[in-house]
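> Each chain, letter by letter, is given below.
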Amino acid sequence: MYRILDDVPDPEMPFVSITDLGIVRDVRLDGDTVVVALTPTYSGCPATQVIQGDVVRTLREHGAKDVRVGVRIAPPWSTDWITERGHERLRAAGIAPPAPHARCPRCGSGSVRELSRFGATPCKALYRCNACDEPFEYVKPF
Amino acid sequence: MPAEYPLRFGDNALVLAQRLCAWVGHAPVMEEDVALANVALDLFGQARLWLSYAGELEARGRDEDALTFHRDAREFCNVLLVEHENGDFADTTARSYFYDLWASLALGELTRSGDERIAAIAQKALKEVRYHLRRSQDWLIRLGDGTPESHARMQRAADGLWRFTGELFIGDRLDDEMAANGTGFAPERLRDPWLERVHEAFSAATLTVPAGTWTQRGGKQGVHTEALGYMLAEMQVLPRAMPEARW
Ligand SMILES: [Zn+2]
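Just so you know, the protein sequences line up as chains L and Y, in that order. The first sequence begins at 1 in our numbering and counts up by one. The second sequence begins at 143 in our numbering and counts up by one.
These are computed hints drawn from the structure, not numbers from a lab. Any given hint could turn out to be false.
Residues from chain Y that face chain L, not an exhaustive set, calculated with beta carbons under 10 Å [stated by the list, open to error]: (1) 166; (2) 168; (3) 170; (4) 173; (5) 176; (6) 184; (7) 229; (8) 254; (9) 256; (10) 258; (11) 261; (12) 266; (13) 270; (14) 283; (15) 319.
So these bits of chain L aren't anywhere near chain Y, every CB distance computed over 10 Å [stated by the list, open to error]: (16) 73; (17) 85; (18) 117.
All values derive from a computational prediction rather than experimental measurement. Glycine included, each C-beta is placed from N, C-alpha and C at the ideal position.
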């Protein structure tokens, strides 16, 4: 069941799945019901509700009779939960994955500067590479 | 556990979030537009967690939306600081900085709450508020230690809001009760660590810490400034006029 959820994309970064992001905390069977626990990345993340609907739909398409999705806020989500595959997929999409020091996803340079603490979504900051001048988004360690 | 306790933290986040939203489309630079919207979004999310818990405790069938849109100013229990108008970017920065610093200390206390739900919400919110604090403190220092004009405006903003900060550290009977049973904390305990951090930041910003000790209070008990009424009128008009409206 967990593997089925590998196919559920993050609505705002569709090149990574919700399992890549580490927001699926638990999947189990309770009789005929699949019970899923998700954790929101940020409290106000508008994607959370969309993801809940996508999880229900995907599991139903794979034959689940009933699906119950709950939100678990403790322990709080951390970028440490993003998987290695998640890191690769972010890099491939031109987004720097979380790291102690951001690196340019285009040329790999560690000489970068922060343009803004916030990007297009709450989990990202805006950076620019000093070496190749590429502006890029960085999933900030959180 | 009285619903009013989580409601206080929720109302602080909700009212500040609504205020910050008014910057969208008006911030001095695009990055700040995005940043203020993101901070507001986090605060709305936190308010939702607090208010839905308050609604469950109250057990009168009100969810977080009902509590947001169908209470009048007298029933809001946010501190006066957060309802203060946006003013200019320095006013907004001072308000956010004073609040973020207090919230990071308050939420830190609540992560040790004997109430599991409060501890969980606080843990989640604390991570976000610490990030907000880094941003608002950066701006306080950048504007304070900037040009003569930015310095003067940052100082004026801090002076103007100072009398609304005292309320953050005044406990009432509910605070005492929550501190005594291990659910909450005594607000007075946060005053010294808060002041210490303010002195550090103001020194880095070449600003003078305002001296006054006289303080405005009453927000926690539902006695608000006129500003809150206007803000709520705008925030609540649509769901009140069209209760069945859906996105
Ligand atoms: Zn580069």
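> Hint by hint, note whether the structure agrees.
Verification of the supplied hints:
1. 166: At about 13 Å, which exceeds the 10 Å cut-off, the nearest Cβ of chain L leaves the hint on residue 166/Y violated.
2. 168: Status violated, d = 16 Å.
3. 170: 12 Å, violated
4. 173: 3 Å, holds
5. 176: 5 Å, holds
6. 184: 5 Å, holds
7. 229: Hint on residue 229/Y: violated, closest Cβ of chain L at ~22 Å, above 10 Å.
8. 254: 13 Å, violated
9. 256: 14 Å, violated
10. 258: With Cβ-Cβ at 8 Å, under 10 Å, it holds.
11. 261: 7 Å, holds
12. 266: Holds. Min distance 4 Å.
13. 270: Holds. Min distance 6 Å.
14. 283: 14 Å, violated
15. 319: 24 Å, violated
16. 73: 5 Å, violated
17. 85: Residue 85/L is indeed farther than 10 Å from all Cβ atoms of chain Y, at 24 Å.
18. 117: 5 Å, violated
Violated hints, in rising order: 1, 2, 3, 7, 8, 9, 14, 15, 16 and 18; the structure is consistent with all others.
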